[in-house]
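Student: First to last, the protein sequences are chains R and W. The working numbering numbers the first residue of the first sequence as 1 and each following residue consecutively. The working numbering numbers the first residue of the second sequence as 1 and each following residue consecutively.
In case anyone wonders, no lab produced these hints; they're calculated from the structure. Note that the Cβ used here is the ideal one computed from N, Cα and C, for glycine as well. Certain hints may be false.
What the hints assert, rightly or not - Among the chain R residues that face chain W by a calculated CB cut under 7 Å, a handful are:
hint	residue
1	D18
2	M258
3	S313
4	T317
5	I331
Claimed, not checked - The calculated lysine-lysine pairs, modelled on DSBU-like cross-linking and capped at a C-alpha distance of 35 Å, are:
hint	chain 1	residue 1	chain 2	residue 2
6	W	K50	R	K3
7	W	K127	R	K363
8	W	K31	R	K29
Unchecked claim - What the simulated footprint calls covered on chain W by chain R, stretch by stretch (three residues with Cβ under 8 Å from a Cβ of chain R suffice, anywhere in the stretch; the number is not a length):
hint	region
9	18-29
10	44-55
11	74-82
12	101-108
13	111-120
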Amino acid sequence: MTKTVTDVVCPFCGTLCDDLEVSVTDDGKQILDVYNACAIGAEKFLHSQAKDRITRPRLQQPDGTWKEISYEEAADYTAKMLAGAKKPLMYGWSSTNCEAQSMGHEIAEMCCACVDNTAAVCHGTTLIAVQDIGLPTCTLGEVKNRADTIIFWGCNPCHAHPRHMSRYSIFPRGFFTGKGHKSRKLVVVDPRVTDTAKMADMHLQVTQGQDYELLNAFRVAFRNEWLPDVVAGIPKEKIIEAANIMKAGRFGIIFFGMGVTQSLGKNHNIDEAIAVTKDLNEYTKFSIMPMRGHYNVTGSGEVLAWQFGYPYSVDLTRGFPRYNPGDTSSIDLLTRGEIDAAFVIGSDPGAHFPISAVKQIAKVNSVCIDPHITPTSGVSKLHVPVAFVGVETGGNAYRMDNVPIDCRKVVDPPAGMLTDEEFLTMVRDRVKKLKGVA
Amino acid sequence: MAKITLNLISGRTISQGVAMEGGKEKDLYRKACGIIEMDDADFKKLGCWKNTNVRVTSPYGTVIVKAQETSQGPHPGVGFIPMGPWANQLVNPNTYSTGMPTFKGTPVEVEVAMDQPILLGVELVQKACRGEV
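Please build the complete structure, drawing on both the sequences and the hints.
Tutor: So, in structure tokens, the structure goes:
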């Protein structure tokens, strides 16, 4: 016999689906199958059951082999590394719960560390733009119930947020959107004919890197002013047609992703996208929302902001928080060779940072807290495997629209394994002693 | 042998996501991310068969990946490597004071490297950090 755990929250992407069902063995120790999840979410639950999983901390030896150590020894090593460093970097935080983030920030404050989350490589530029000009946004529930004009700009939810469209943005029948996808217009802006673009009523195949120009052209089109024949590879007529679709809806939303945040222009692209949204509110109701990647990157921004005042790239080296992306951001700190210890949790910069930054992590003392074997754990001096948040432990996470949702524990972690929060608490207590903090 | 120039972008694919959660040390991750998706027109210019190993070089690094026909095209002149260690050997680390490297829009050269191996994800990063690739 098996039993089913319902209303499970998926700890993969920022959509944070909360309708998963997981069937487990009667003793509640093993996951057998996952229902309602996308392929990636299901794999996350199922891979946690892998037989070859690392269950104890391991220290990398000079010859590249690994020596298994206890969690106590791992906590000692981590505390000594952080307490002894002049400028440690504590990076990641996006694939763990808010409770662990908060505990980590306590350590960071005592060790005068630089704290940064994965917004550094996804929506950091969005956060700069929001600080520049604000963000007219809404919740995903409002999108489901009201939105009839959906713009996906530089994002590909078919691949990156696979259930976003079926739960919120395109297919669901909401209070004022009773006809589901038939009552919605979909416009996709992307340099590739992505699987999302193939579903669209209109696809604007923008020239890569010219999003700013196209966004600016929209603002001109809304005002019926003169436009050149072609802007960013899109003919004038098509821009005007798309602008009219946006103006004609009753409630519209722009979802945007890495296509605009990572291309040249960066925060200025987002500035302009927000300005487009502001302009559209002269004609109809319009919102804008970043498609956040990790399931709790939004939570990390929230916790950092309420504790230190800034959502990412926080520098505590002077004992008080400073924020200056480009100076205090992790990739710049790494490529300039300024940090002397790297602590990574809930993310994989080894795979997702430019290699010149990864080389610096490999050079200094480093600790990687991650349930998986990753490129980061592969180049770190110490790898501490932990329980999967959202699978083997609960905790709070924030959805991409800033709605906090409590994750559920589905099964126990393998015997003797700690959670992020438990391990960080051990490190915090040790750092307190080393620093002589009461 | 011919060389072509492409504008490189990277991003998520669903197989990248599944392979990443399945284990970055595994072969499936290499199959999902150790690739460059190219347009049919660019294959003709390069003069090679689909699924050939190629060397991709940017001003910031070089990597061997498998050239595959794009599933989300046409996009002539644009190359796509799913996000991961292979793409990150090539991207521009300059953040222009935003904290964000320029992951999209790196000019790269692609040439055939039929007999060169594609490394596994963890192995690639370890070797790159030791200066062996």
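Student: Which numbered conditions among the earlier hints are violated in the structure presented, ordered from lowest to highest?
Tutor: 1, 4, 6, 10 and 13
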